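A.B. asks: In order, the protein sequences belong to chains A and B.
Each residue of the first sequence is one higher than the one before, starting from 1 at the first, in UniProt numbering.
Each residue of the second sequence is one higher than the one before, starting from 1 at the first, in UniProt numbering.
Since the hints were made in silico from the structure, they are not lab data.
Source: prediction; values computed, not measured.
Hints are not guaranteed to be accurate.
[Said to hold, decoys possible] With the Cβ distance kept under 8 Å, some of the chain B side facing chain A (calculated, not the full set):
#1 GLU11
#2 GLY15
#3 ILE44
#4 GLU50
#5 ARG54
#6 THR69
[As the list claims (entries may be wrong)] Dumping the calculated BS3-like pairs for lysine-lysine here, alpha-carbon to alpha-carbon at most 25 Å:
#7 B:LYS40 / A:LYS393
#8 A:LYS362 / B:LYS40
#9 B:LYS138 / A:LYS392
#10 A:LYS385 / B:LYS40
#11 B:LYS13 / A:LYS385
#12 B:LYS128 / A:LYS385
#13 A:LYS39 / A:LYS272
#14 B:LYS2 / A:LYS414
#15 B:LYS13 / B:LYS2
#16 A:LYS414 / B:LYS67
#17 B:LYS4 / A:LYS393
#18 B:LYS13 / A:LYS393
#19 A:LYS362 / B:LYS128
#20 B:LYS2 / A:LYS385
#21 A:LYS392 / A:LYS59
#22 A:LYS407 / B:LYS40
#23 B:LYS67 / B:LYS40
#24 A:LYS414 / B:LYS13
#25 A:LYS407 / B:LYS13
#26 B:LYS4 / A:LYS385
#27 A:LYS414 / B:LYS26
[As the list claims (entries may be wrong)] Covered by chain A, per the in silico footprint, the following chain B stretches (three or more residues, Cβ under 8 Å):
#28 1 to 10
#29 59 to 68
All residues carry an ideal CB built from backbone N, CA and C; glycine is no exception.
Given next are the chains, with one letter for each unit.
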Amino acid sequence: MIWDEKHECMPREQLRELQLTRLKRVIRRVHKNVPYFRKKLDDLGLSPSDIKTLEDLQKLPFITKHELRETYPFGLFATPLKDVVRIHSSSGTTGKPVVAGYTKADLNLWAELMARTLSAGDVTANDVVQNSYGYGLFTGGLGIHYGAEKVGATVIPISGGNTKRQLMVMEDFGVTVLACTPSYSLQIAEVAEEMNIDMSRLKLRVGVFGAEPWSDTMRSEIEERLRITAMDIYGLTEVIGPGVATECQHRCGLHIFEDHFIPEVIDADTGKVLPEGSIGELVLTCVTKQAFPVIRFRTRDIVSLRYQPCECGRTLVRMNRVTGRTDDMLIIRGVNVFPSQIEHVLVGFDEAQPHYQLIVRKDGPMDTLEVQVEVSEEIFSDEIKNLQLIEKKIEHEIQSMLGIHAKVTLVQPKTIERSMGKAKRVIDLRKEGGIAG
Amino acid sequence: MKVKQISVFLENKIGHVRMVTDELTKANLNLRAISLADSKDFGILRMVVEDPERAHAVLRAANHAVKETDVIAVEVPDHPGGLSDLLKTMEGCGVNIEYMYSVLERKSDKAVIILRVENTDEVIESLKNQKLRLLSSKEVYGVL
Numbered sequence: 001m002i003w004d005e006k007h008e009c010m011p012r013e014q015l016r017e018l019q020l021t022r023l024k025r026v027i028r029r030v031h032k033n034v035p036y037f038r039k040k041l042d043d044l045g046l047s048p049s050d051i052k053t054l055e056d057l058q059k060l061p062f063i064t065k066h067e068l069r070e071t072y073p074f075g076l077f078a079t080p081l082k083d084v085v086r087i088h089s090s091s092g093t094t095g096k097p098v099v100a101g102y103t104k105a106d107l108n109l110w111a112e113l114m115a116r117t118l119s120a121g122d123v124t125a126n127d128v129v130q131n132s133y134g135y136g137l138f139t140g141g142l143g144i145h146y147g148a149e150k151v152g153a154t155v156i157p158i159s160g161g162n163t164k165r166q167l168m169v170m171e172d173f174g175v176t177v178l179a180c181t182p183s184y185s186l187q188i189a190e191v192a193e194e195m196n197i198d199m200s201r202l203k204l205r206v207g208v209f210g211a212e213p214w215s216d217t218m219r220s221e222i223e224e225r226l227r228i229t230a231m232d233i234y235g236l237t238e239v240i241g242p243g244v245a246t247e248c249q250h251r252c253g254l255h256i257f258e259d260h261f262i263p264e265v266i267d268a269d270t271g272k273v274l275p276e277g278s279i280g281e282l283v284l285t286c287v288t289k290q291a292f293p294v295i296r297f298r299t300r301d302i303v304s305l306r307y308q309p310c311e312c313g314r315t316l317v318r319m320n321r322v323t324g325r326t327d328d329m330l331i332i333r334g335v336n337v338f339p340s341q342i343e344h345v346l347v348g349f350d351e352a353q354p355h356y357q358l359i360v361r362k363d364g365p366m367d368t369l370e371v372q373v374e375v376s377e378e379i380f381s382d383e384i385k386n387l388q389l390i391e392k393k394i395e396h397e398i399q400s401m402l403g404i405h406a407k408v409t410l411v412q413p414k415t416i417e418r419s420m421g422k423a424k425r426v427i428d429l430r431k432e433g434g435i436a437g
Numbered sequence: 001m002k003v004k005q006i007s008v009f010l011e012n013k014i015g016h017v018r019m020v021t022d023e024l025t026k027a028n029l030n031l032r033a034i035s036l037a038d039s040k041d042f043g044i045l046r047m048v049v050e051d052p053e054r055a056h057a058v059l060r061a062a063n064h065a066v067k068e069t070d071v072i073a074v075e076v077p078d079h080p081g082g083l084s085d086l087l088k089t090m091e092g093c094g095v096n097i098e099y100m101y102s103v104l105e106r107k108s109d110k111a112v113i114i115l116r117v118e119n120t121d122e123v124i125e126s127l128k129n130q131k132l133r134l135l136s137s138k139e140v141y142g143v144l
């Protein structure tokens, strides 16, 4: 089902005209209201009037995650804080989180885009949506929530966790749509199997999954075990949250809502825009958001774009599933994890520069994180309880900082591989493929 | 009366205990007592060796996490109830035992127990007046 046929199926020429009008407008507005952006343009000798065609977008400078942190928290807001009615943020990766502000109009837009997303999965007013994404600063929960209300569905704002209760609610409330991370859906499947719940008896028919990379293999497994159709959605805090792109029933890539976000694919090393079909880093420009419109934001997600129309009728560009990232960020159970965060925790336990390694595995449906830490003379004790206490403390610190559980394992000194230059901190043993959403 | 014990961190992997004993062999250091404490993820090898300082240096050079701890070595009559009597005495003195293990080799008719206690010096002091024989480090590192 197509929620907004006018925009989602707009002839490309018309769409490009709309994009250009909106692009010019947003550049003028951001230039006027965001000193940081104005200075960036000044340094390049550019002014908003230099943007005459869509291709002129390429003249503008990129904005990186690093810069978002530099301007923490509100430095890139293009509206006064009094017009901002909601704040969301990322998990706070390398030190400071990315903060996103939304005006009333932004929230309406977001709900509208999520309505498009859910409609692409045939979610309608007749559906009962179990929203098991986390509610809070994370964009997943409230993003889905307002979109589902917009289409008129019945929303159950259950958030994540307590899987048995999730299943009880699913069964008793006649849930038809499950929204959560793909790995959590498999956790639900596992518990259902343990409880001998026959999923084919339930009304559940669609899963709306995003916020972490997942593969087609995982999709098949989810569909088989939960007896549903699993759809892939994409979004990121810096841009709006979920609602940037979605799959349609043809599953031939994710349609990016181009009338609001202009995508480019660049060579991550040179920054040059690549031709259609090339694999590179996705760059997104918000053209309609008011409070926090990022211009040429480098997402670090590796994708490719195809512009030919889809059988579903949407003319919106399709991007393939995200196959990797250009930085060292890990996504574990939907949470962004940077090795430097773990380092930050470890430094607190040992004066010396700690040697550590992150090992990410798939344990059944769930991603698991093991942190191997070399035992230094400083922390070594001849009493087991003291060492176990250190493990527990580190686990606790990681849990409170990242919100995910990590298994801490102490290893003998000098056993973690040293490499020249940049340390190899991460061993990712999960299968390749999937998408970050 | 304090005896130096050497502790070494061990990963729970095949061959890791031998990695330690091999280093001692290479350095021609004899073991007097040894005990392996295990947990789910790691182990701690506790040893009394004839030259703790050199053992420490050798093991550290081989990239092991090593620690020296003060322990006491108590002689116990080698007959049923011998250990119980010792423990009763310790109890009477209000001594809390962290861990203990016995010596591999002995050349007398007495057994030797290695004890790790809190406040080693105080414990040695309070045990002095009891009918117990604490071994000197020399005795322990040497022939026993």
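A.B. asks: State for each hint whether it applies.
C.D. replies: Hint check results:
Here the hint on B:GLU11 is kept, as its CB sits about 5 Å from the closest CB of chain A, short of 8 Å. A least Cβ separation of about 12 Å between B:GLY15 and chain A goes past the 8 Å threshold, and the interface hint is therefore violated. The restraint placing B:ILE44 at the interface with chain A holds, with a minimum CB-CB distance near 6 Å, inside the 8 Å limit. At its closest, the beta carbon of B:GLU50 sits 19 Å from a beta carbon of chain A; the interface hint therefore is violated under the 8 Å criterion.
The interface hint given for B:ARG54 is broken, as the beta carbon of that residue sits about 17 Å from the closest beta carbon of chain A, more than 8 Å. Checking B:THR69 against chain A by beta carbon gives a least distance of about 5 Å; that is within 8 Å, so the hint holds. A threshold of 25 Å between alpha carbons decides the hint, and for B:LYS40 with A:LYS393 the separation of about 17 Å falls inside it, so the pair holds. Annotation: proposed proximity of A:LYS362 to B:LYS40 holds, straight-line Cα distance about 21 Å (limit 25 Å).
Taking the CA atoms of B:LYS138 and A:LYS392, the gap is near 39 Å; set against the 25 Å cutoff, the hint is violated. A hinted pair counts as satisfied when its Cα atoms are at most 25 Å apart, and A:LYS385 with B:LYS40 qualifies at roughly 12 Å. Only pairs whose Cα atoms come within 25 Å are accepted, and B:LYS13 paired with A:LYS385 is accepted, the gap being roughly 20 Å. Of the supplied pair hints, the one linking B:LYS128 and A:LYS385 is violated, its CA atoms being roughly 30 Å apart against a limit of 25 Å.
At roughly 22 Å between alpha-carbon atoms, A:LYS39 and A:LYS272 fall within 25 Å of each other, so this suggested pair holds. At roughly 32 Å between alpha-carbon atoms, B:LYS2 and A:LYS414 are farther apart than 25 Å, so this suggested pair is violated. Distance check on the hinted pair: B:LYS13 and B:LYS2 sit about 32 Å apart at the alpha-carbon level, beyond 25 Å; violated. Under the criterion of a C-alpha separation no larger than 25 Å, the hint pairing A:LYS414 with B:LYS67 is consistent with the structure, at around 16 Å.
A hinted pair counts as satisfied when its Cα atoms are at most 25 Å apart, and B:LYS4 with A:LYS393 does not qualify at roughly 29 Å. Distance check on the hinted pair: B:LYS13 and A:LYS393 sit about 24 Å apart at the alpha-carbon level, within 25 Å; holds. Proposed proximity of A:LYS362 and B:LYS128 is contradicted: the alpha carbons are some 58 Å apart, above 25 Å. A C-alpha spacing of about 23 Å is found between B:LYS2 and A:LYS385, which places the hinted pair at or below 25 Å, so the restraint holds.
Our distance criterion of 25 Å between C-alpha atoms is broken by A:LYS392 and A:LYS59, whose separation comes to about 51 Å. This hinted pair checks out: A:LYS407 and B:LYS40 have alpha carbons roughly 12 Å apart, not beyond 25 Å. Restraint check for B:LYS67 and B:LYS40: satisfied, since their Cα atoms lie roughly 21 Å apart, inside the 25 Å limit. Pair hint A:LYS414 plus B:LYS13 holds up; C-alpha atoms about 16 Å apart against a cutoff of 25 Å.
Pair hint A:LYS407 plus B:LYS13 holds up; C-alpha atoms about 18 Å apart against a cutoff of 25 Å. Between B:LYS4 and A:LYS385 the alpha-carbon distance is near 21 Å, which keeps this suggested pair within the 25 Å criterion. With a C-alpha separation of about 20 Å, the suggested pair A:LYS414 and B:LYS26 falls inside the 25 Å cut-off, and the hint holds. Look at the region 1 to 10 of chain B against chain A: 4 of its residues bring a Cβ nearer than 8 Å to a Cβ of that chain, three or more, so the hint holds.
Chain A is given as covering the region 59 to 68 of chain B, and this holds because 6 residues of the stretch bring a CB closer than 8 Å to a CB of that chain, at least three being needed.
Checked against the numbered hints listed earlier, the structure breaks hints 2, 4, 5, 9, 12, 14, 15, 17, 19, 21; every other hint is satisfied.
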